[in-house]
Amino acid sequence: MNRRVVLLAPLAVAAASGFGAWTILRRMKEGTFDPHDVPSQLIGKSIPPFEALPALDGATQGFNSAALTGTGQPLLVNFFASWCVPCVIEAPTLMLLKQQNIPIWGIAYKDKPVAARAFLARHGDPYTRIAMDEPGRVAIDWGVYGVPETYLLDRNGVVRWRQAGPITDDVLETQLKPMLRSVA
Amino acid sequence: MIPELGHFALAMACAIALAQAIVPIWGAHRGDSRLMAMAPALAMAQLLALGTAAAALVMSSIGDDFTVLNVAENSHTLKPLLYKITGTWGNHEGSILLWGLILGLCGGAVAVFGRGLPSALRARVIGVLGGTSTGFLLFCLLASDPFNRIWPPPLDGRDMNPLLQDPGLAFHPPILYAGYVGFAVPFAFAVAALLEGRIDAAWGRWVRPWTLASWCLLTGGIALGSWWAYYELGWGGFWFWDPVENASLLPWLTGTALLHSAIVVEKREALKIWTVLLAIATFSLSLSGTFLVRSGILNSVHAFANDPTRGVFILGLLALVIGGSLLLFAFRAPALSQGGLFAPISREGALVFNNIMLCSIAAVVITGTLYPLIADFIFDHKISVGAPFFNATVLPLAIPVFAVMTIAPGLAWKRANLWPALRRLWWAAIVAALVGMIAAYGAQKVLPALAFAGAVWIVFGAAVEIIERIKLFRVPMGQSLSRLVGLRLSVWGTALGHAGMGVTVAGIAGMSMASERIVALHPGESVLEAGYDWKLIELHDERGPNFVSRIATIEVTRDGAPFLMLQPSRRTFPTQRMTTTEAAIHTNGIRDLYAVLGEERDGVAVLRIHDNFLAPWIWFGALIMASGGALSLLDRRARVGAPQKAAVRPGAGSAVA
Chain A
4 MNRRVVLLAP
14 LAVAAASGFG
24 AWTILRRMKE
34 GTFDPHDVPS
44 QLIGKSIPPF
54 EALPALDGAT
64 QGFNSAALTG
74 TGQPLLVNFF
84 ASWCVPCVIE
94 APTLMLLKQQ
104 NIPIWGIAYK
114 DKPVAARAFL
124 ARHGDPYTRI
134 AMDEPGRVAI
144 DWGVYGVPET
154 YLLDRNGVVR
164 WRQAGPITDD
174 VLETQLKPML
184 RSVA
Chain B
4 MIPELGHFAL
14 AMACAIALAQ
24 AIVPIWGAHR
34 GDSRLMAMAP
44 ALAMAQLLAL
54 GTAAAALVMS
64 SIGDDFTVLN
74 VAENSHTLKP
84 LLYKITGTWG
94 NHEGSILLWG
104 LILGLCGGAV
114 AVFGRGLPSA
124 LRARVIGVLG
134 GTSTGFLLFC
144 LLASDPFNRI
154 WPPPLDGRDM
164 NPLLQDPGLA
174 FHPPILYAGY
184 VGFAVPFAFA
194 VAALLEGRID
204 AAWGRWVRPW
214 TLASWCLLTG
224 GIALGSWWAY
234 YELGWGGFWF
244 WDPVENASLL
254 PWLTGTALLH
264 SAIVVEKREA
274 LKIWTVLLAI
284 ATFSLSLSGT
294 FLVRSGILNS
304 VHAFANDPTR
314 GVFILGLLAL
324 VIGGSLLLFA
334 FRAPALSQGG
344 LFAPISREGA
354 LVFNNIMLCS
364 IAAVVITGTL
374 YPLIADFIFD
384 HKISVGAPFF
394 NATVLPLAIP
404 VFAVMTIAPG
414 LAWKRANLWP
424 ALRRLWWAAI
434 VAALVGMIAA
444 YGAQKVLPAL
454 AFAGAVWIVF
464 GAAVEIIERI
474 KLFRVPMGQS
484 LSRLVGLRLS
494 VWGTALGHAG
504 MGVTVAGIAG
514 MSMASERIVA
524 LHPGESVLEA
534 GYDWKLIELH
544 DERGPNFVSR
554 IATIEVTRDG
564 APFLMLQPSR
574 RTFPTQRMTT
584 TEAAIHTNGI
594 RDLYAVLGEE
604 RDGVAVLRIH
614 DNFLAPWIWF
624 GALIMASGGA
634 LSLLDRRARV
644 GAPQKAAVRP
654 GAGSAVA
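Protein sequence lines, in the order shown, are assigned to chains A and B. Whatever position you read off the first sequence (first residue = 1), add 3 for the working numbering. Whatever position you read off the second sequence (first residue = 1), add 3 for the working numbering.
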């Protein structure tokens with residue numbers, strides 16, 4: 004009897020692993036679990052302070068971290084670049100958000116002013132203010148993976164949400180809109 | 004036309020495999036010799052159909068038929084011919100077809116070389132292989148069809164991942180897969196034995212060469228992959244503890260255990276249940292590794308198209324193959340008769356000890372590989388487990404293995420005295436201790452010193468085994484020589500296999516003392532590293548067939564005297580918008596001088612310079628290990644044909660002779 008139990012053990016281990024794998028696969032398909040997702044360390048924390056970044060020449064001014072957190076209302080911070088293909092995909096979504104009066108502050112990541120300006124002329128300018136982070140140092144402090152990357156700050160300047168990669172319609176509906184309602 | 008033929012052949016192979024799974028096993032169950040006799044023919048027919056399918060895919064790729072989705076996504080008109088051929092298995096669909104083809108080859112090999120097997124056993128083995136094949140071919144046809152068409156076809160293909168356009172990686176997958184899939188044969192033998200409810204020494208003798216062959220191929224495949232990572236990824240390391248690498252290491256560990264426990268079954272008719280379980284476990288681990296990688300569950304640098312839907316299909320397949328065989332194991336294993344008893348201190352005892360240690364290492368590696376996933380899924384923590392964990396856990400478990408693997412060949416079967424076995428190793432122990440002390444003094448680190456001592460102990464221990472057998476210095480020299488010539492190949496095989504392990508361990512220990520330095524140089528500037536002057540002479544561009552190279556020329560001098568020129572380069576592949584590094588490596592067999600060209604900015608080139616002590620020994624040792632296995636295999640083929648005294652059943656014995 005005892006021996007039989009021992010011989011059943013490998014099957015039990017295999018069955019348990021199989022069940023675990025099946026559960027994981029099911030939740031991956033549902034979209035409730037993504038093993039490749041790396042969450043931002045900034046969630047629930049204040050943004051790291053930074054000195055004033057230069058403005059993109061033109062109407063808008065540059066900003067530092069104090070200006071970013073001092074508006075008293077929630078806002079989106081969007082890291083973008085003219086050389087980034089997914090940023091083009093994201094552009095209409097950002098314009099849509101602008102129409103709904105959601106302030107978006109842009110940080111041009113490792114970009115030349117001329118190129119950034121041309122990019123905004125072609126794809127629209129959704130930004131309230133734009134700063135240039137040409138050396139990419141602020142992006143490093145924030146832990147930016149790549150462009151585009153978007154952060155949602157609440158009225159106290161605390162990071163509530165982050166999207167690495169473009170904000171697709173799906174992300175907009177299922178994640179960003181509920182978050183915007185909760186910080187409003 | 005050709006892709007349709009290939010697709011048809013694939014479907015045909017699947018149907019034949021299904022027949023191969025049912026007819027022979029039913030025949031063996033009913034004792035119907037005509038049905039059993041169909042097994043080899045079915046296996047050969049399946050192999051033929053699969054060969055046709057694979058050839059069709061290769062021809063589509065050579066002919067740049069971009070209406071085939073797989074070719075369009077992975078090939079390019081400008082791609083060199085070699086990579087047009089090898090590229091067919093460098094992607095998910097093609098690699099699954101390769102899996103199937105190798106499984107078909109295994110079935111064909113059992114059909115051809117297994118003529119001496121008892122016909123019921125052969126029918127069952129081929130039947131089990133057919134069943135496994137059916138599952139894989141169904142997966143290939145339904146969820147990863149390599150012959151899918153697109154219309155309209157693109158003007159040119161998207162080209163293969165440039166990292167894979169490399170001779171080392173062209174042959175790494177087939178060899179590795181042959182190792183993985185080869186373990187299907189011991190698995191089939193184990194399931195067949197469970198179906199029969201009988202295992203004897205003859206079974207052990209049949210299983211061992213198949214295990215040995217797969218083990219050699221797996222050893223070679225892993226070594227080739229690690230070598231590729233070393234020179235192509237330009238990172239300076241050889242093993243990343245990446246999930247895909249771990250997935251190949253796991254079957255190697257349990258396969259090594261299987262190799263040794265099959266000896267005990269053959270010689271002593273003991274450890275039968277354990278051996279059967281190992282055979283099932285080894286193949287299960289081979290399969291699960293594929294599943295974990297292809298389903299996208301584990302994060303890995305080896306990016307195949309991740310797809311949870313495919314994952315569900317493979318999971319179902321695994322549940323059938325692994326679950327089915329373990330269920331059979333749970334119910335039928337108690338029927339296997341207990342074999343010879345042995346004392347703890349005996350050859351069997353030592354083999355059991357190392358079996359347990361190897362499986363413990365495998366368990367530790369599984370834990371480390373899966374823990375990030377478990378932590379993420381259950382505790383919602385993102386962590387990664389890397390080299391520090393594996394080095395701290397695997398090495399302490401490996402050291403007893405090294406100690407015992409050298410002592411074991413000197414122990415007698417059944418009941419042994421430890422003292423004589425230890426006494427004949429006295430000088431190996433002294434040399435090992437000396438080398439260990441020198442290393443501890445030189446490196447100022449404990450673990451490399453221990454590893455060096457272990458390496459010397461293993462290599463010299465293997466030499467002691469040969470010296471003892473030829474009675475060197477105890478009988479006249481001529482007699483020793485004639486004994487040396489008369490030594491069985493399997494004795495050489497064991498000695499080489501063990502010594503190769505020692506060489507690899509020395510290489511790994513040496514690499515832990517490697518030094519590296521990152522420098523930014525203008526052309527004309529030089530830097531002192533590893534006792535040499537490294538001077539960046541110039542940088543220039545060159546055109547390759549489907550890439551552009553940026554080549555740096557570095558002159559290495561020692562005390563002003565020119566020593567060598569190194570030309571590390573960076574290749575840019577415009578179609579894929581990817582860059583690969585081609586490290587320049589100079590080896591003298593003891594150390595590698597290794598240079599990588601990094602980014603350039605404002606006329607300054609970033610160079611990475613490594614001095615890798617004993618690095619080539621890692622792969623050289625693996626080569627020795629694999630050739631030890633091959634020698635042993637040659638010996639077995641000679642011996643299986645010869646009549647011998649071991650407890651061979653009359654039926655099987657006469658069939659063999």
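For the record, the hints were derived by calculation from the structure and aren't laboratory data. Certain hints may be false.
[Stated by the list, open to error] So, partial list: chain A residues that the calculated Cβ filter (under 8 Å) puts toward chain B:
#1 Arg6
#2 Leu11
#3 Leu14
#4 Ala19
#5 Ala24
#6 Trp25
#7 Leu45
#8 Ile46
#9 Ile50
#10 Lys115
#11 Pro116
#12 Ala118
[As the list claims (entries may be wrong)] As a list, the in silico DSBU-like pairs of lysine-lysine whose alpha-carbon atoms are at most 30 Å apart:
#13 A:Lys180 <-> B:Lys270
#14 A:Lys113 <-> A:Lys32
#15 B:Lys270 <-> B:Lys474
#16 A:Lys32 <-> B:Lys270
#17 A:Lys32 <-> A:Lys115
#18 A:Lys101 <-> A:Lys113
#19 A:Lys48 <-> B:Lys417
#20 B:Lys270 <-> B:Lys417
#21 A:Lys180 <-> A:Lys48
#22 A:Lys32 <-> A:Lys180
#23 B:Lys385 <-> A:Lys113
#24 B:Lys385 <-> B:Lys474
Backbone N, C-alpha and C fix where the C-beta goes; we use that ideal spot for every residue, glycine too.
To see whether the hints hold, each was checked on the structure:
1. Arg6: holds (6 Å)
2. Leu11: holds (5 Å)
3. Leu14: With a closest approach of 4 Å, the leucine 14 of chain A hint holds.
4. Ala19: Hint on alanine 19 of chain A: violated, closest Cβ of chain B at ~11 Å, above 8 Å.
5. Ala24: Since chain B brings a Cβ to about 6 Å from alanine 24 of chain A, closer than 8 Å, the hint holds.
6. Trp25: holds (6 Å)
7. Leu45: violated (14 Å)
8. Ile46: Violated, about 12 Å.
9. Ile50: With a closest approach of 21 Å, the isoleucine 50 of chain A hint is violated.
10. Lys115: violated (15 Å)
11. Pro116: violated (20 Å)
12. Ala118: Nearest chain B Cβ about 18 Å off; hint violated.
13. A:Lys180 <-> B:Lys270: violated (71 Å)
14. A:Lys113 <-> A:Lys32: violated (36 Å)
15. B:Lys270 <-> B:Lys474: Holds, at about 24 Å.
16. A:Lys32 <-> B:Lys270: Roughly 51 Å between the alpha carbons, so the hint for lysine 32 of chain A and lysine 270 of chain B is violated.
17. A:Lys32 <-> A:Lys115: violated (40 Å)
18. A:Lys101 <-> A:Lys113: Satisfied, since the Cα-Cα distance of roughly 24 Å is no more than 30 Å.
19. A:Lys48 <-> B:Lys417: The hint is violated at about 67 Å.
20. B:Lys270 <-> B:Lys417: Holds - the C-alpha atoms of lysine 417 of chain B and lysine 270 of chain B are around 10 Å apart, at most 30 Å.
21. A:Lys180 <-> A:Lys48: holds (21 Å)
22. A:Lys32 <-> A:Lys180: Since the Cα atoms of lysine 32 of chain A and lysine 180 of chain A sit roughly 22 Å apart, the hinted pair holds (cutoff 30 Å).
23. B:Lys385 <-> A:Lys113: Distance of about 29 Å is within 30 Å: holds.
24. B:Lys385 <-> B:Lys474: It is violated: about 59 Å lies between the C-alpha atoms, which goes past 30 Å.
The structure is inconsistent with the numbered hints 4, 7, 8, 9, 10, 11, 12, 13, 14, 16, 17, 19 and 24, although it conforms to all the rest.
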